[in-house]
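Peer 1: So you can see what is in the structure, the chains are spelled out below.
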Amino acid sequence: MREELNGILGWVDQLNEVDVTDVPPMIGTGLAMPRQREDVVTDGDKREAILSNAPDRVGPYFTVPKVVE
Amino acid sequence: MSSYRIEGNTGAWEIVVGLEVHAQVISHAKLFSGASAEYGGEPNTHVSLVDAGFPGMLPVVNRECVAQAVRTGLGLNAEIHLMSRFDRKNYFYADLPQGYQISQFAHPIVGEGKVEIELADGTTRHIGVTRLHLEQDAGKSMHDQDPLRSFIDLNRAGVALMEIVSEPDIRSPEEAGAYLRKLRQILRYLGTCDGNMEEGSMRADVNVSVRKAGEAYRTRCEIKNVNSIRYVMQAIEIEAQRQIEIWEAGGTVDQETRLFDHVRGETRSLRSKEDAHDYRYFPDPDLLPLVIERDWVEDLRAALPELPEAKRTRLEQTYGISRYESGVLTVEQGIADFFEQVARDADARLAVNWMLGDFFGALNRTGATIETSPVSAEGLRELLGLISDSTINGKIAKEVLEDMFESGESASAIVERKGLRQVTDTGAIESEIRTILQTHADKLAEYKSGKDKLFGFFVGQTMKAMKGKANPAAVNDLLKKLLSE
Numbered sequence: 001m002r003e004e005l006n007g008i009l010g011w012v013d014q015l016n017e018v019d020v021t022d023v024p025p026m027i028g029t030g031l032a033m034p035r036q037r038e039d040v041v042t043d044g045d046k047r048e049a050i051l052s053n054a055p056d057r058v059g060p061y062f063t064v065p066k067v068v069e
Numbered sequence: 001m002s003s004y005r006i007e008g009n010t011g012a013w014e015i016v017v018g019l020e021v022h023a024q025v026i027s028h029a030k031l032f033s034g035a036s037a038e039y040g041g042e043p044n045t046h047v048s049l050v051d052a053g054f055p056g057m058l059p060v061v062n063r064e065c066v067a068q069a070v071r072t073g074l075g076l077n078a079e080i081h082l083m084s085r086f087d088r089k090n091y092f093y094a095d096l097p098q099g100y101q102i103s104q105f106a107h108p109i110v111g112e113g114k115v116e117i118e119l120a121d122g123t124t125r126h127i128g129v130t131r132l133h134l135e136q137d138a139g140k141s142m143h144d145q146d147p148l149r150s151f152i153d154l155n156r157a158g159v160a161l162m163e164i165v166s167e168p169d170i171r172s173p174e175e176a177g178a179y180l181r182k183l184r185q186i187l188r189y190l191g192t193c194d195g196n197m198e199e200g201s202m203r204a205d206v207n208v209s210v211r212k213a214g215e216a217y218r219t220r221c222e223i224k225n226v227n228s229i230r231y232v233m234q235a236i237e238i239e240a241q242r243q244i245e246i247w248e249a250g251g252t253v254d255q256e257t258r259l260f261d262h263v264r265g266e267t268r269s270l271r272s273k274e275d276a277h278d279y280r281y282f283p284d285p286d287l288l289p290l291v292i293e294r295d296w297v298e299d300l301r302a303a304l305p306e307l308p309e310a311k312r313t314r315l316e317q318t319y320g321i322s323r324y325e326s327g328v329l330t331v332e333q334g335i336a337d338f339f340e341q342v343a344r345d346a347d348a349r350l351a352v353n354w355m356l357g358d359f360f361g362a363l364n365r366t367g368a369t370i371e372t373s374p375v376s377a378e379g380l381r382e383l384l385g386l387i388s389d390s391t392i393n394g395k396i397a398k399e400v401l402e403d404m405f406e407s408g409e410s411a412s413a414i415v416e417r418k419g420l421r422q423v424t425d426t427g428a429i430e431s432e433i434r435t436i437l438q439t440h441a442d443k444l445a446e447y448k449s450g451k452d453k454l455f456g457f458f459v460g461q462t463m464k465a466m467k468g469k470a471n472p473a474a475v476n477d478l479l480k481k482l483l484s485e
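In the order they appear, the protein sequences are chains D and C.
Okay, so the first sequence: first residue is 1 according to UniProt numbering, each after it adds one.
Okay, so the second sequence: first residue is 1 according to UniProt numbering, each after it adds one.
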């Protein structure tokens with residue numbers, strides 16, 4: 001068991017031999033342009049849906065335990 | 001370099017200030033959803049399922065908000081990054097339903113730029129801009145509605161903000177005020193933020209530290225969410241004083257976030273300062289890197305309005321006005337436009353004097369702004385035309401302007417209604433003067449014996465007798481002639 005673990009750690013150590021100084025971190029494979037929306041109001045006015053899962057509410061507001069003294 | 005110093009027991013201290021300004025982007029919809037970005041509205045009605053952080057909802061960036069950030073970057077002479085990225089800034093608070101704010105951390109859309117400020121003594125300085133990035137606003141918490149609960153309204157959650165970070169280049173409260181006023185003026189000219197600090201559409205976090213001349217920076221404190229330029233200036237002074245007292249007593253200033261209490265005139269500790277790693281920033285996997293095209297940036301640049309500095313210089317050259325006058329006239333675009341309508345192809349000197357004098361005076365008195373002024377640019381232009389062509393004199397014109405503000409009538413209508421036409425008929429003026437010289441024979445004798453100051457008395461009497469309508473130049477000339485007879 002110990003031998004196997006040491007083998008794995010040794011293998012991981014090998015990764016440190018690669019110089020990645022100037023390689024930017026890879027954050028994904030998507031190179032497509034992101035979709036963008038036009039500046040038009042297309043949503044909103046659905047208060048009941050928005051509040052439907054609220055554990056607690058008063059009238060049109062969500063309520064939470066007081067967060068300031 | 002500013003010479004502002006605070007005297008402590010151990011000598012003079014210099015202050016070092018950097019500002020982070022949050023400017024709400026002018027747009028119809030929010031940064032990542034189609035909900036309205038309009039201020040106000042019934043609670044929780046300008047909210048989409050994206051803004052409320054419902055599971056599975058995906059953000060889609062609003063192109064106009066990106067354009068507004070680019071315009072602002074161009075207005076700040078800053079570099080525009082054709083590739084930027086959105087990151088998640090994680091923190092837990094009731095008005096942030098997603099549990100993270102979508103912001104730009106490692107790769108902002110706008111890089112280094114600069115703002116030129118002008119101080120009271122006429123000197124100018126450049127304040128560096130480190131970066132500008134796009135991020136979401138949070139919702140609003142209300143703590144005074146219920147003894148045990150806070151109320152949450154998400155109307156503002158997801159509205160686009162620009163965070164504009166300055167270099168620690170500011171060295172006095174005055175410079176901080178000048179920087180904020182200049183930044184607000186540029187944003188308003190660009191139409192990218194209304195700069196309304198009372199409604200919270202522009203707020204500042206103020207980083208303050210103190211040091212002895214020539215030293216490296218000492219620990220700074222951040223004063224959060226200061227919502228007026230005056231308070232920013234006060235907070236800097238008070239916080240610097242507090243830090244100096246700590247250093248001079250042998251203590252050390254802790255890096256922390258503080259709150260400015262303008263009623264008590266003090267800053268109070270809010271929490272120890274978070275570092276970037278406390279927020280566990282990472283690239284938002286819901287959003288691809290934001291890539292914009294160079295051509296599009298150039299199109300936006302070509303469509304930028306004339307900015308304050310350029311407008312100032314042009315007004316000075318076109319109308320021959322002073323640096324001070326051009327500064328006042330370009331504080332707002334509306335004022336500059338108004339002035340140009342009044343002064344175009346007319347007597348520019350007369351237009352400046354009247355706008356900065358009686359016209360602004362009347363606006364202040366009636367509580368109107370340039371946009372709500374009861375007297376239009378065309379109306380003022382007509383009035384000044386009546387002075388230029390000698391229909392009325394300057395003194396009568398003041399009376400007419402007041403009447404215009406009250407009645408809303410045109411200058412010529414008022415002149416006709418009240419019979420205010422200037423008397424330039426020298427015969428009429430001369431006979432009036434002769435009568436006055438007879439009635440005041442004693443004064444005439446004194447004048448002749450060398451009391452020159454009485455000249456003004458005779459002018460006054462003549463104008464009074466003619467109900468102010470005499471041509472002042474004609475009165476002067478005739479008086480001189482008749483008194484020397």
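Treat the hints loosely; a few may be bogus.
SDA-like, lysine to any residue: derived pairs with alpha carbons at most 25 Å apart [stated by the list, open to error]:
| no. | chain 1 | residue 1 | chain 2 | residue 2 |
| --- | --- | --- | --- | --- |
| 1 | C | Lys418 | C | Thr439 |
| 2 | C | Lys114 | C | Glu79 |
| 3 | C | Lys395 | C | Thr257 |
| 4 | C | Lys140 | C | Phe92 |
| 5 | D | Lys46 | C | Thr257 |
| 6 | D | Lys46 | C | Lys114 |
| 7 | D | Lys66 | C | Lys114 |
| 8 | C | Lys140 | D | Val12 |
| 9 | C | Lys464 | D | Val68 |
| 10 | C | Lys89 | D | Val58 |
| 11 | D | Lys66 | C | Met142 |
| 12 | D | Lys66 | C | Leu300 |
| 13 | C | Lys140 | D | Asn16 |
| 14 | D | Lys66 | C | Leu482 |
| 15 | D | Lys66 | C | Thr45 |
| 16 | D | Lys46 | C | Lys469 |
| 17 | D | Lys66 | C | Met57 |
| 18 | D | Lys46 | C | Glu38 |
No lab work stands behind these hints: they were computed from the structure.
Peer 1: Enumerate the violated hints, using their earlier numbering and listing them in ascending order.
Peer 2: Of the numbered hints, 1, 3, 5, 6, 7, 8, 9, 10, 12, 13, 14, 16 and 17 do not hold.
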